[in-house]
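Participant: Could you build the full structure based on these sequences and the hints that come with them?
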Amino acid sequence: QSALTQPASVSGSPGQSITISCTGTSSDVGNYNLVSWYQHHPGKAPKLMISEVTERPSGVSNRFSGSKSGNTASLTISGLQAEDEADYYCCSYAGLSTVVFGGGTKLTVL
Amino acid sequence: QVTLKESGPALVKPTQTLTLTCTFSGFSLTSSGMRVSWVRQPPGKALEWLARIDWDGDRFYSTSLKTRLTISKDTSKNQVVLIMTNMDPVDTATYYCARMGGWSMDVWGKGTTVTVSS
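Note that the protein sequences, when read in sequence, are chains A and B. So the first sequence is numbered by the working numbering: it starts at 1 and just counts up by one. So the second sequence is numbered by the working numbering: it starts at 1 and just counts up by one.
Below are the DSS-like pairs computed for lysine-lysine, each with C-alpha atoms no more than 30 Å apart in a straight line:
| id | chain 1 | residue 1 | chain 2 | residue 2 |
| --- | --- | --- | --- | --- |
| 1 | A | K47 | B | K5 |
| 2 | B | K5 | B | K110 |
| 3 | B | K13 | B | K73 |
| 4 | A | K44 | B | K77 |
| 5 | B | K66 | B | K5 |
| 6 | B | K45 | A | K68 |
| 7 | A | K44 | B | K5 |
| 8 | A | K106 | B | K110 |
| 9 | A | K47 | B | K66 |
| 10 | B | K77 | B | K13 |
| 11 | A | K44 | B | K13 |
Here's a subset of chain A near chain B, in silico, CB distances under 8 Å, partners left out:
| id | residue |
| --- | --- |
| 12 | E52 |
| 13 | T98 |
| 14 | V99 |
| 15 | F101 |
Stretch-level coverage of chain B by chain A, calculated; a stretch enters the list once three of its residues show a Cβ under 8 Å from a Cβ in chain A:
| id | segment |
| --- | --- |
| 16 | 47 to 58 |
| 17 | 99 to 113 |
If you are wondering where the hints come from, they were derived from the structure by calculation, not from laboratory data. From a predicted model like this one, the values you see are computed outputs, not experimental measurements. From the three backbone atoms N, C-alpha and C, an ideal C-beta is built for every residue, glycine too.
Facilitator: See below:
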């Protein structure tokens, strides 16, 4: 299982939109609609933001949305807010009842 | 309200065995479809999935660590235990347990930090 590929960092100004990509292979992201996204503020518990590529859990702002094309999944955050500044991780089912995480992306709100 | 809390030693020596306990509430690991996973994060590095145990007792492990890991559950105590053998300084990390809904981790504990050092 190789880690999914995410950009190390992205940034945006308040109110703008940003997209974080998550590239895997045909053995994980490309083969299953089972990609999830997590927001992680250092020192706190990670928080599920998106499940099954596009599903937003109850209580998660509709500013967060997910999508997938081929072997690449994406997380889009619209109307950036200061509180969105955090690390974001994607995760995909990788077969044989295992999952694999991405390398993480640090989001900076300028 | 679903909560999970990790506990275990903060410091272990190289070659020792680490035992971590995840104590949870708000759900039952005997209910069909319930799963609990362990995930770790070394300092400055990414999250890494380690193991999972299901309501029916099925267990699954990271390919790279499966020879060193054992996951078990005590449903009477609402606990999941992770044992990792032959600890090394590279295993220094914050270890999290999380409930899995489907294939996503919908509720996480706050984590417990483990340092491996002589």
